[in-house]
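Chains as they are written, first to last, in our numbering: chain A, 15 to 337; chain B, 15 to 337; chain C, 15 to 337; chain D, 15 to 337.
One thing to keep in mind: the hints can contain errors.
[To be verified] List of simulated lysine to any residue pairs, SDA-like, C-alpha gap at most 20 Å:
#1 A:K306 to D:R334
#2 C:K321 to C:R291
#3 A:K306 to D:K228
#4 D:K228 to D:L304
#5 D:K230 to A:K20
#6 C:K230 to D:M328
#7 A:K292 to D:M328
#8 B:K228 to C:G48
#9 B:K321 to B:K292
#10 C:K230 to D:D65
#11 A:K20 to A:I62
[To be verified] Covered by chain D, according to a simulated footprint, are these stretches of chain A (three or more residues, beta-carbon under 8 Å):
#12 93-101
#13 142-151
#14 157-163
#15 197-205
#16 265-277
#17 281-288
No lab work stands behind these hints: they were computed from the structure.
For each residue, glycine too, the CB sits at the ideal point set by N, CA and C.
4 protein chains.
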Amino acid sequence: MSAVKKIAVLTSGGDSQGMNAAVRAVVRSGLYFGLEVFGIQRGYHGLIHDDIFPMDLRSVGDIIQRGGTILQSARCMEFMRAEGQQKAAEILRERGIDGLVVIGGDGSYQGANKLNKLGIRTMGLPGTIDNDIPYTDFTIGFDTAVNVVVDAVNKLRDTMSSHERSSIVEVMGRYCGDIALHAGLASGAETILVPEVTYNMQEVADRMRNNFEKGKRHSILLVAEGVGRGEDIGKLIHELCPDYEPRVTVLGHIQRGGAPTPFDRNLASRLGDFAVRKLIEGESGKACGLVKGELVLTDFDIVVNTKKEFNMEMYELAQRLSQ
Amino acid sequence: MSAVKKIAVLTSGGDSQGMNAAVRAVVRSGLYFGLEVFGIQRGYHGLIHDDIFPMDLRSVGDIIQRGGTILQSARCMEFMRAEGQQKAAEILRERGIDGLVVIGGDGSYQGANKLNKLGIRTMGLPGTIDNDIPYTDFTIGFDTAVNVVVDAVNKLRDTMSSHERSSIVEVMGRYCGDIALHAGLASGAETILVPEVTYNMQEVADRMRNNFEKGKRHSILLVAEGVGRGEDIGKLIHELCPDYEPRVTVLGHIQRGGAPTPFDRNLASRLGDFAVRKLIEGESGKACGLVKGELVLTDFDIVVNTKKEFNMEMYELAQRLSQ
Amino acid sequence: MSAVKKIAVLTSGGDSQGMNAAVRAVVRSGLYFGLEVFGIQRGYHGLIHDDIFPMDLRSVGDIIQRGGTILQSARCMEFMRAEGQQKAAEILRERGIDGLVVIGGDGSYQGANKLNKLGIRTMGLPGTIDNDIPYTDFTIGFDTAVNVVVDAVNKLRDTMSSHERSSIVEVMGRYCGDIALHAGLASGAETILVPEVTYNMQEVADRMRNNFEKGKRHSILLVAEGVGRGEDIGKLIHELCPDYEPRVTVLGHIQRGGAPTPFDRNLASRLGDFAVRKLIEGESGKACGLVKGELVLTDFDIVVNTKKEFNMEMYELAQRLSQ
Amino acid sequence: MSAVKKIAVLTSGGDSQGMNAAVRAVVRSGLYFGLEVFGIQRGYHGLIHDDIFPMDLRSVGDIIQRGGTILQSARCMEFMRAEGQQKAAEILRERGIDGLVVIGGDGSYQGANKLNKLGIRTMGLPGTIDNDIPYTDFTIGFDTAVNVVVDAVNKLRDTMSSHERSSIVEVMGRYCGDIALHAGLASGAETILVPEVTYNMQEVADRMRNNFEKGKRHSILLVAEGVGRGEDIGKLIHELCPDYEPRVTVLGHIQRGGAPTPFDRNLASRLGDFAVRKLIEGESGKACGLVKGELVLTDFDIVVNTKKEFNMEMYELAQRLSQ
């Protein structure tokens, strides 16, 4: 295989804070190593429609601190089909682009894997707030999302404690409870419900009531959306203890916004640069991750077929400290 | 009437950011002028149940920057009835408390008005995020709530613009659209719906669609809860333009939390001190407000029977600038 | 005089948060009323060098929340001289620009006044963090600067109280102590030194020591730069009480940065739109201000020859509450 | 050795954000495992003066989000001497306290090491913003300090870019440049000076000038205090390029304040709990750290005699991306 000379970068799936920092790192690192770098607008949709443009140092100026993604993102049904994937590969070949960096989540990796099998050298960067991607300890955007949640929980505590009320906060996390877990531990949430751990609703209700009887002026239950809707859980608790009526807050898309934290910016910068260096070294079909402090590559085939392990130790710690 | 020697302070109704700064000002100003100052826990409920305690400089140390209220708040059905009000007046008389500062909204003022008519000298401070109290340009907490909303809208813009989507954000304001208006103008919201101004849903939907056709990458509609639920408005818009599906975010109680802004702290400090000075001067049955930069007193009878005027000029400005 | 058809906007002097919101308002309001609108880069320097370009709705998209000024600012010695002023007037006339909005402080107003006298219709907007401009209760940027200072003081309190130390914080304000006053009241500073009020250093030192002897764990002195350098004041205090060594923090230019608060954005939006409407009505040579809640015009000749009045009442309140 | 039944916790040295979260974890984890837990006020000074008090769940309520340390910190010359150390050990023995958790930096570890050698079981937690402690990837407070710095640099960029100026920002880090490195990478600083890497001032000056000539509107140089004072570096640069006058900002103690980030709270919670569990298991004389994602113990003797390794890879990355 010949040396990489032209690379492109796209963002795909739900956006996350730090995607811009990752795009910046890919562009600047690529230019540093003498490559031509292209941006693709609106993910795989833009790729199939040849919405591709050259990027230079200025294209990524003043974006490291911005939420969202200047490359935008979009769903693309056409790319789901083999035909669409072949079209994408052809467009890249016609333009002489011999390396592609895809920033996104699980679905985005599957797309990059397909392109790899069609002969396009691809690298994946974990861009999603959910932290649901295996073979990386943190995804780009996760730390910022946890900050947003903890900030919101702090605000709720002010008013909950003034009125001696309890609150249920529904946060993102369809398959992975990490946002609930990390934000729950950091904000001292009394109860954390995640998809990875089964729970007994009667025990949850008893626990909330006990806290109050012990004199706790307020109580927060954090629930990952994968467990169920906050509103439904509130109703269940109310049924089990009729004199008890928790308020429900659904944080929704604000979890995806805001300036990325330094942690996310640095994670994104390191991973973006790593992806470029590995493409230059001839690697392909791999997801980039930070595992125990080290930058590592893992085959897409492995990543997309593995479920992220849940940190049971941290979960138990949260329970221990919120007694 | 004899000179005031002992005063008490309570917070009532929904809490708001800056209530603590107001409590601090009442306590410190009272002590400065040689009064004894008492705190009442949980609003009128605590008053009726004699949950009253002396406060000194230390009681209000390190609270100026805290959301919520250290005096807590609570609903009190008993105080709604004449019997409860008489009981409250008696308790104050028995304790020799001859001045009461009530921090809260419209309902709290009505209670203070009743006590005034029972011979207790009372002063009201406008503590509510809604800015729905007349005879003051700003209520304590309003500026902070607007900050919380604008911060959330900024976060939503990041992700909305990445995905070229539209968003509906439901904010507080049952009778008064000021949070929606001020936050909408400050965040450049494309559409603002408030209870004070009628609207035509077809026009709203057309406007949102037009914005997109003109190339605007995202669009925010801010709706005060008094207009209707964000979700219902989203459905209506979707019915009117079936290919158009705005996301709905309900900000809820986080609007009531967070450290008060300097603006709210200073407003609270000025009003709290003013209330004490006016009690000393022999005033009673009055609401304290900041009107066009001046501290003013207005009879409770007038305040509770007046509807806050809406700033139509600012509303039109918001429309002009979000074209 | 004929009707205004083309207007231009520039920012001048030290930048302040909210200048972008003001530029946006001028541009959007101008376009709304059917005018052509131009931007001038780098203040009067850009004007003299004809660095002028047309602006449309897109030119001011996504800037309302940004600190700094997209039009930039610069010192311009050339414009200080009559010759430079005439050149500027000629350039505007050649381009058919018949109205100019200048956003800046006192010096910027003087320049706008000169142009007015050369027959160019000009309007001034108070863009400076110092709040040192008379005939407006607030300047654009002041509220944000106060927020930045209060945030920094909060951070210092954490560490000062852990170590039982005192802190001196030097803030901006050469001739006007409003930043020190408003931030000091809002953060509960024990001492506030402003250029408008004389003080006795021995009393200041005694007060700081007394606080400690009374058991206060930390003490903050806020000093406006117009009073003197924080370091010098620290040394004086140390000489007067040798066992006493306050830490000094100079906040510097961070006070000028950060996203403008909603308050500043709305003030800027209202004033920017007001300036455009008044130019259309034929006014010229006037400063726009918000006085007691009302938008007002005042002759430049009056504004530049008046000293801002100091709010002595608020200063005494701060003293009363920090006892 | 008998089983641990009573433990105490103190904070020592410069305070850092997250110390309160660590104290909370030690107390709650200790109580969870059936121990009695005591707090020691003002570090080793309070220990020697027997300023020791029992702590329960309530003692650490509502502190997880607070900067500073409720246990305060202080220098203690007396404890530097063997006599003082023996007195401290005796006081602990008299009270039956058989385990001590010390939260602080290098100097605090040396004290804990001495007590360990006098037969007191001790554990150390890395509480310092500098990240200068080996055998842990992160110290408690470091992430928050980096956030504070990046926030300040963002504010400076606004105003620097408006005026096309350059800025030098002096940050903490006497022996360890990690704050400068992580904050510099995250904020896209053009130049980063750390004690671990030698530099050529002429090259630095050339680089800053080149950036300007290439059209960069602003430039930030981050310097760790261990390299030299920001002001001196500014003067050197000015001498080397006389037409070039960078502004200098010294962030100072605000870097130590503010609410700890979720990252720091969770790090503190995990380490605090770990220390307690290890004391129960009979360990002593060890520093707790998080190394490559794992909680580990390292002998104080090793920790205090090792210099933290500098992340050269990340430094080179920062250079690559800020070209």
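Hint check results:
1. Between A:K306 and D:R334 the CA atoms are separated by roughly 24 Å; this puts the pair beyond 20 Å, and the hint is violated.
2. The straight-line distance between the Cα atoms of C:K321 and C:R291 is roughly 27 Å, outside the 20 Å bound, and the hint therefore fails.
3. A hinted pair counts as satisfied when its Cα atoms are at most 20 Å apart, and A:K306 with D:K228 does not qualify at roughly 39 Å.
4. A hinted pair counts as satisfied when its Cα atoms are at most 20 Å apart, and D:K228 with D:L304 does not qualify at roughly 43 Å.
5. For the suggested pair D:K230 and A:K20, the alpha carbons sit about 26 Å apart, so the restraint of at most 20 Å is broken.
6. Our distance criterion of 20 Å between C-alpha atoms is broken by C:K230 and D:M328, whose separation comes to about 44 Å.
7. Distance hint between A:K292 and D:M328 is fulfilled; the C-alpha atoms sit about 16 Å from each other, no more than 20 Å.
8. Restraint check: the Cα-Cα separation between B:K228 and C:G48 comes to about 18 Å, which is no more than 20 Å; the hinted pair holds.
9. Distance restraint check for B:K321 and B:K292: the Cα-Cα separation of roughly 25 Å exceeds the 20 Å cut-off, and the hinted pair is therefore not satisfied.
10. Note on C:K230 and D:D65: the hinted pairing holds, with a Cα-Cα distance of about 18 Å set against a maximum of 20 Å.
11. Of the pairs offered as hints, the one joining A:K20 and A:I62 holds, with about 18 Å between alpha carbons and a cut-off of 20 Å not exceeded.
12. Interface restraint, the region 93-101 of chain A with chain D: violated (0 residues with C-beta to C-beta distance below 8 Å; minimum three).
13. Here's how the region 142-151 of chain A fares: 1 of its residues keep a CB closer than 8 Å to some CB of chain D, so the rule of at least three is not met and the hint is violated.
14. Residues of the region 157-163 of chain A lying with their CB closer than 8 Å to a CB of chain D number 3, which satisfies the three-residue condition for coverage.
15. Under a criterion of three residues with beta carbons nearer than 8 Å to beta carbons of chain D, the stated coverage of the region 197-205 of chain A is upheld, 5 such residues being counted.
16. Given as covered by chain D, the region 265-277 of chain A passes the check, having 4 residues with a CB less than 8 Å from a CB of that chain where 3 are the minimum.
17. Remark: the region 281-288 of chain A is confirmed as covered by chain D, as 3 of its residues place a Cβ nearer than 8 Å to a Cβ of that chain, reaching the required three.
Checked against the numbered hints listed earlier, the structure breaks hints 1, 2, 3, 4, 5, 6, 9, 12 and 13; every other hint is satisfied.
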